[in-house]
Amino acid sequence: MDKKLQLTILGIAALFLTACGGSEATKPDVEDKSVGTGTSADTGVSGRPLDARTDLLAKRRVYFAFDSSAVDEENRAIVEAHAAYLAANKNIKVVFEGHADERGTREYNLALGERRAQAVERMAKILGLTGDRIKTVSYGEEKPVAMDHSEAAWALNRRVEIIY
Amino acid sequence: MPSGNARRLPGGRKAIIYAVLVHLALIALVVVGFRWQAKPAAAPAKVVQAQAVNDAEMQKEVERRKKLEREREQQEAKKKREQEERERQAAEEKRRQEQAVIAEQKRKEQDKRKAAEAENKRKDEARQAEAKKKKEIEERRKSAETNLKEQLAREEKERIEAKARAEQSARAQSELARVENLIRQKVERNWVRPAGWTRGMECVVRVRLAPTGEVISATIARPSGNAAFDRSVENAVYKASPLPLPEDKGLFEHFRELELRFRPEGQA
Amino acid sequence: MKAVRILLKLILMALLAGHASLASAILTIEITQGVDGGLPIAIVPFDGAGKQQPPQDVAAVIEADLARSGRFTPLDKKFFVSRPSEDRQVVYKDWRIVKAEALVIGNVKPLAQGRWQVEFRLYDIYKEKQLAGYSYVVAGNHLRAVAHQISDIIYEKLTGEPGVFSTRIAYVTREGVVKRFSYKLQIADSDGHNPLNLWTSKEPILSPAWAPDGERLAYVSFEHQRRPTLYLQNVVNGARHRIAGFDGINSAPAWSPDGTKLALTLSRDGNPEIYVMRLSDSTLTRLTNHPAIDTEPSWSPDGKEIAFTSDRGGKPQIYRMRADGGKVERVTFEGEYNARASYSADGKMLTLVSGAQGRYHAALLHLHSSVLQVLTDTPLDESPSFAPNGRMILYATDRGGRGVLASVSSDGRVRQLLKLQEGDVREPAWSPFNRSTPTH
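Protein chains in written order, with the working numbering: chain V, 1 to 164; chain G, 1 to 268; chain P, 1 to 440.
Hints listed in this document are in silico derivations from the structure and should not be mistaken for laboratory results.
Any given hint could turn out to be false.
[Said to hold, decoys possible] Just so you have them, the derived chain P footprint on chain V, three or more residues with Cβ under 8 Å:
#1 67-80
#2 104-111
[Stated by the list, open to error] The calculated lysine-lysine pairs, modelled on DSS-like cross-linking and capped at a C-alpha distance of 27 Å, are:
#3 V/Lys143 x P/Lys78
#4 V/Lys143 x P/Lys202
#5 P/Lys261 x P/Lys184
#6 G/Lys134 x G/Lys157
#7 P/Lys315 x G/Lys186
#8 P/Lys51 x P/Lys77
#9 P/Lys261 x V/Lys93
#10 P/Lys202 x G/Lys186
#11 P/Lys348 x P/Lys261
#12 V/Lys135 x P/Lys348
#13 P/Lys127 x V/Lys143
#14 P/Lys179 x P/Lys78
#15 G/Lys132 x G/Lys106
#16 V/Lys143 x P/Lys93
#17 G/Lys186 x P/Lys348
#18 P/Lys99 x G/Lys186
#19 P/Lys77 x P/Lys419
#20 G/Lys186 x P/Lys77
#21 P/Lys179 x V/Lys59
#22 V/Lys93 x P/Lys179
#23 G/Lys123 x G/Lys135
#24 G/Lys108 x G/Lys132
#25 G/Lys132 x G/Lys142
#26 P/Lys202 x V/Lys135
#27 P/Lys78 x P/Lys51
#28 G/Lys123 x G/Lys112
#29 P/Lys202 x P/Lys419
#30 G/Lys186 x P/Lys304
#31 V/Lys90 x V/Lys125
#32 P/Lys179 x V/Lys143
#33 P/Lys93 x P/Lys51
This one's a predicted model, so the numbers in the text were calculated from it and none came from an experiment.
Think of the CB as a built atom: it goes at the ideal place given N, C-alpha and C, for glycine as much as any other residue.
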């Protein structure tokens, strides 16, 4: 087999693996030299790989920093992808489900989850999403995906789920 | 016929003697006086010689002589009467005088007696009063003396003690301070401060100790207003009994009655 | 003579003045330190009079109650010189030896038809007198209730404050596994015993709040449309209905002291704000008007103020406002995160969750001094709730990965875990003094 093709297949497979993990909002990712945008020995500049749109749509969670409802650049891309898709499919009903990690009080976390869901909703609307098929709901800290009391678990729980 | 100087009162017995003598003298005089009165009555009788004179003249003369006689008799009688009267009066007078004298004597005696008595009484009273006063003065003086003696003794004693204390004042003071500290520490060890005490709470307990240090009584002199706090304070005192005392029993007086002022500090 | 006397007196006075402290009035000693602790109390196991063991160890329940309050230190029984159960057997000296300040004795005797006679006496050891003594006749299943009553009497006699041992707590449990959880709303005795289930749901339940009459609970349930709405349930007869189901969040119910209104959080207008609902006609009045999150209201005992959580300053802090929404002012300034405040019964303190560097503790804020006192050192504490006498705080915490309830005395000294229920336990709420017996 062609060496280039082998590497390409390996590279794509690696991409899929990291995508299935689903735990990172930002992707350090595998350096895909085979695509040809790698480091040039002359200039030392490296580029960030751009996810394919279908990969973004596979991501149904947007993550947040502690006590924050700000959507950062990486997660914005996800929202954008979904906004575009939903704008193109106006009959699909979407629910933005907001969550928080377990720290702090339940009621405040309920409000924080809602704020996060609303942040995502607002952003999606700016990015083209319209119609009254949009709902937001908050579960606060009541429905975590990771159960232990660790930074890693907490990071996974601070999220908005895009459900449709 | 007054007897001697009746003003002088030489004394009771003498007075009687004089009185008696006076009476005798008076009586003698009275008797003598009567006799004297009687003589002249007999003396003047002169014999008149019988002459032939005419009867008429004789008669006249006789009548004149009779008249004279009568007059003379009358006069004599009168004199006699007067004499008697005088004598009577004199006797009367004497008697009166005697009586007066006697009375006066009596009076004088009485007065004397009374005066004497009064005087005696006064003297007695005065003596008694004086004696009493003297006694009082004496007693006061004595008691003042005793007091002063005692006070001086006390002062002396205290001066000595104070001096001794002053000399060992550093030692005594430090002993007292040491025992104070021991008491404080023992009470603090036994004081369970109830939850919720706050700075500013204060409870003062008056404690009476026996010479063994045993707490005889502990009463709240000033409550804190918090029943649990006051109870904890009383219990602290009882649990700390017997309280430590100085080795020198003479210093016990300083600790016989104490006030413990509970004013919690530290982290509430 | 006289002059000499005067002179001597002067000398004496001069000398005495030099030792004024020795010759002056009574010696006063200042006592400022002590042992901070509970009143040392000896609780002698109640005599059983015979082989028949009562179904509850009454003395043990009393001892646990008094210890949990933080106000008492029950003495170790192994040091007891005697074990009286009748008045005539009490020898005060025996108890002074162990430095007990109070003594509790009693006995439990079986009567006919499964009933029991319980007697107890409480003594002041140093005053050498009985402070209380009562006799009860109860069924076997009420022995714990009698023990709690006795604890209340002992507590009140020795502290001057009412005891809370006959009150109850409400809380939520969660059992099961992820995506198949089961939630229960329960009430139990103040020590966690005798749990009674009020509601079961597949969806989360939050924030139970007792009405001042102790007969109703308001709480958040996700059962309706899988989103947070408010319910009201009668504890006595079980009747319940939804009282708020507006768009967005319906949560954080808080009763007014007169029981006629609820403060609550609604985000129907776009972001969480605090409203007041009059229960008689469900009319709503909006109190806050700010784009920040405003939630977790708590009414002051005099009904004049409402404390709440707001992040209008950037991070969640405690604010308070007049009950009509006016005069908002911030109340917490220490710590990075302060939330979920609730008033003590005397209105002088707030209990809240205070967080710094990622650790969240139950804490007390003394309102007049603004002193913030952290009560625990466990890092994941939630929902602190005052006992109605203000002397204990019930809160949720984590123990070995599991949610449990604990109580801490208001001075932070004594902490006790409550009897563990099944599953994870959270959201405790302490009932008021009024007690109602559920009939179902």
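Okay, the hints, checked on the actual structure:
no., hint, in the structure
1, 67-80, "violated (count 1)"
2, 104-111, "holds (count 7)"
3, V/Lys143 x P/Lys78, "violated (50 Å)"
4, V/Lys143 x P/Lys202, "holds (12 Å)"
5, P/Lys261 x P/Lys184, "holds (25 Å)"
6, G/Lys134 x G/Lys157, "violated (32 Å)"
7, P/Lys315 x G/Lys186, "violated (50 Å)"
8, P/Lys51 x P/Lys77, "holds (22 Å)"
9, P/Lys261 x V/Lys93, "violated (37 Å)"
10, P/Lys202 x G/Lys186, "violated (61 Å)"
11, P/Lys348 x P/Lys261, "holds (22 Å)"
12, V/Lys135 x P/Lys348, "violated (43 Å)"
13, P/Lys127 x V/Lys143, "violated (59 Å)"
14, P/Lys179 x P/Lys78, "violated (51 Å)"
15, G/Lys132 x G/Lys106, "violated (36 Å)"
16, V/Lys143 x P/Lys93, "violated (61 Å)"
17, G/Lys186 x P/Lys348, "violated (35 Å)"
18, P/Lys99 x G/Lys186, "holds (13 Å)"
19, P/Lys77 x P/Lys419, "holds (23 Å)"
20, G/Lys186 x P/Lys77, "holds (25 Å)"
21, P/Lys179 x V/Lys59, "holds (20 Å)"
22, V/Lys93 x P/Lys179, "holds (23 Å)"
23, G/Lys123 x G/Lys135, "holds (17 Å)"
24, G/Lys108 x G/Lys132, "violated (33 Å)"
25, G/Lys132 x G/Lys142, "holds (14 Å)"
26, P/Lys202 x V/Lys135, "holds (22 Å)"
27, P/Lys78 x P/Lys51, "holds (23 Å)"
28, G/Lys123 x G/Lys112, "holds (15 Å)"
29, P/Lys202 x P/Lys419, "holds (24 Å)"
30, G/Lys186 x P/Lys304, "violated (48 Å)"
31, V/Lys90 x V/Lys125, "holds (13 Å)"
32, P/Lys179 x V/Lys143, "holds (8 Å)"
33, P/Lys93 x P/Lys51, "violated (30 Å)"
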